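First to last, the sequence lines map onto chains A and B.
Taking this note's numbering, the leading residue of the first sequence gets 1, the next gets one more, and so forth.
Taking this note's numbering, the leading residue of the second sequence gets 1, the next gets one more, and so forth.
The reader is advised that the hints may include incorrect statements.
Unchecked claim - The calculated label-pair distances, taken between Cβ atoms and stated as ranges, are:
(1) A/Pro85 / B/Ala125: 20 to 30 Å
(2) B/Gly29 / A/Arg147: 41 to 51 Å
(3) B/Ile37 / A/Arg60: 29 to 39 Å
(4) A/Lys91 / B/Ile201: 52 to 62 Å
(5) B/Ala125 / A/Ala86: 22 to 32 Å
(6) B/Ile95 / A/Gln132: 51 to 61 Å
Claimed, not checked - One-sided and incomplete, this derived list gives chain B residues near chain A with beta-carbon spacing under 8 Å:
(7) Glu122
(8) Arg191
(9) Lys224
What the hints assert, rightly or not - Computed cross-link-like contacts, DSBU-like style, restricted to lysine-lysine with a CA-CA straight-line distance of at most 30 Å:
(10) A/Lys134 / A/Lys200
(11) A/Lys134 / B/Lys144
(12) A/Lys134 / B/Lys192
(13) A/Lys91 / B/Lys94
(14) A/Lys134 / B/Lys151
(15) A/Lys149 / B/Lys144
(16) A/Lys135 / B/Lys144
(17) A/Lys135 / B/Lys224
(18) A/Lys117 / B/Lys151
(19) B/Lys224 / A/Lys149
(20) B/Lys224 / A/Lys117
(21) A/Lys91 / B/Lys144
(22) A/Lys176 / A/Lys135
Don't read these hints as lab results, they were simulated from the structure.
Owing to the predicted nature of the structure, the values given are computational and were not obtained by experimental measurement.
Quick reminder that beta carbons are idealized off the backbone N, C-alpha and C, glycines included.
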Amino acid sequence: MSESIIQIQHLTKTFGTGESAVHALEDINLDIKQGEIFGIIGLSGAGKSTLVRCMNLLERPTSGSVTVNGRRLAWMEPDGDGETPAFVSEKELRLARREVTMIFQSFNLLMQRTCLKNVCFPMELSGTPAAQAKKRALELLDIVGLRDKADAYPAQLSGGQKQRVAIARALATDPKVLLCDEATSALDPTTTASILGLLKDLNQKLGVTVVVITHQMSVIEEICSQVAILDGGVVAEQGNVEDIFSHPSTDAARRLVYPGGASVEQYPAGTRAVRVAFNGGTAYQPLIASLAIDCGVKVNILGADTRNIDGRAFGTMLLGLPDDPNEAAKALSYIRAQPNVTAEEVEYHA
Amino acid sequence: MLEIFTADFWSQYGPLLWDGTVDTLVMVGISTVFAYILGLPLGVALILTQAHGIRPNRAVNRILGWIINVGRSLPFIILMIAIMDFTKLIVGTKIGVRGAIVPLVVSAAPFIARMVETSLAEVDAGVVEAAQSMGASTFQIVWKVYLPEAKPSLVLGGAISIVTILAYTAIAGAVGAGGLGDLAIRYGYQRKVPSMMLVTIIFLIVLVQVIQFIFSHVSNHIDKRLDPTARSFKGLDLLSRFAHTK
Ligand SMILES: Nc1ncnc2c1ncn2[C@@H]1O[C@H](COP(=O)(O)OP(=O)(O)O)[C@@H](O)[C@H]1O
Ligand SMILES: [Mg+2]
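Construct the complete structure from the given sequences, taking the supplied hints into account.
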């Protein structure tokens with residue numbers, strides 16, 4: 001559990017040169033342990049995709065080192081008075097890529113192949129005999145619950161089903177790491193939950209390390225144990241998910257944890273607050289109302305970033321708790337008793 | 001002109017028309033095969049070496065692009081005459097069906113390269129990237145991703161290429177290559193047999209229609225991007241649209 005599977009040191013990535021250069025990543029250091037579900041969260045343009053693409057060299061780092069499963073993919077080589085980046089050979093990279101596979105927001109299935117043939121694809125690439133590949137592909141489709149769709153074409157599947165086929169395909173070479181770049185961002189909340197459930201399952205059953213890239217807090221909360229917050233190309237904070245979400249210590253983390261732009265300065269230090277995440281229960285307004293009616297406790301909405309989808313609430317809300325500790329505890333336990341709601345107390349760092 | 005419905009006409013010109021049609025089909029068929037043997041790899045090379053391709057190479061891309069543009073900017077009749085010595089070198093003659101094939105190939109290959117490039121450019125970059133992320137080699141990406149994923153589009157492009165080559169053969173006919181174009185000019189124009197002109201025109205139209213129909217049908221049939229159940233309603237859908245406009 002504690003052995004490193006992905007180590008990234010002093011990684012930088014710059015697109016372009018001179019005036020138009022974009023510093024997408026700057027001095028990134030990450031250590032992802034075997035068997036973890038590691039989340040990387042950040043706003044759009046933070047550099048998440050670039051970072052994850054450096055883990056299989058779809059993007060070549062400008063400098064720094066990337067080691068995956070004990071294999072150096074990129075490193076710095078001394079060169080006179082400085083250092084130049086060096087990369088693994090094309091041939092070895094192709095082998096490495098069987099150990100680190102990837103799924104995408106847009107699924108990227110081969111549209112002219114059946115699901116079965118899609119799952120066979122990576123095995124065809126590696127020269128697995130056709131009969132053996134087919135057998136394995138059927139097993140994998142079984143694992144993702146789509147054996148009956150083996151002969152269907154991707155165009156005939158829903159988004160969630162496509163992503164399941166993509167997951168089966170990504171598992172075909174028995175990878176050590178599964179990289180997921182916004183894998184659920186194109187899916188509705190229910191489907192998202194089922195795909196995340198599948199990833200968690202695969203992580204537990206197969207021991208595959210999962211790296212989850214997302215801009216949604218709920219995704220991290222749902223399945224990740226460790227998280228790195230990426231902000232403007234740098235890692236603002238990283239560590240245990242609960243620690244980071246309950247004690248965010250950087251602005252970047254606070255922006256993610258306190259939704260709807262609730263800012264720290266607006267409220268006196270020491271204000272007790274609770275962050276409530278709605279995972280698809282009934283709409284949120286009744287919660288606040290019933291809290292007042294059932295417990296006689298009034299709470300302030302400090303900020304909210306929730307959406308109603310089909311009459312069900314998703315997202316997070318920050319509630320200011322009453323000063324009275326008894327009332328606060330009562331409110332907290334009432335909120336926690338609601339279905340499809342998780343609540344955690346957060347602290348302000350003024 | 002009604003004489004095209006008489007037995008006399010067909011006994012006089014039937015064999016000529018038959019030979020002309022066969023010559024045309026042979027010229028078009030052989031030229032298309034060789035033009036694709038040249039044009040397909042060129043089109044693939046253009047896609048691979050483009051800036052966002054999987055083997056970006058500015059110099060190669062520029063040079064290939066330039067050669068193709070030169071090839072495409074020469075009108076067929078001029079190219080045919082300009083390369084006559086080359087033609088003789090390759091097939092031993094400057095005239096007849098054999099003499100036409102070389103300029104047809106040289107002229108069509110750059111056109112086909114662009115058609116192939118356009119078809120392959122439609123392949124989703126994400127799918128190519130996914131294949132790369134699975135460790136596919138460049139050859140595997142071409143062979144197992146680009147070409148199969150673009151197949152319906154390549155087939156449609158095939159119809160356009162063949163019809164273009166068919167048009168070139170008519171021009172080649174004017175300088176002694178034989179075929180339907182040759183008949184139209186020699187009999188329809190020079191010997192003033194209007195029915196021959198009419199018949200060759202009808203033959204050419206039918207040929208183009210048949211080619212287009214077959215290729216469109218095949219393309220549609222092999223394209224798995226459309227839900228097959230949805231596809232079967234296409235005809236109905238079209239009908240209902242007409243109903244609306246009426
Ligand atoms: N191929 C590229 N060329 C130039 N700039 C790029 C390229 N890819 C990404 N960038 C830039 O790098 C930054 C990070 O992008 P990205 O990693 O896609 O962010 P995220 O996935 O977090 O939304 C953005 O400013 C983006 O415009
Ligand atoms: Mg991204």
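Q) Hint by hint, which ones does this structure get wrong, listed from lowest number up? A) 7, 8, 12, 13
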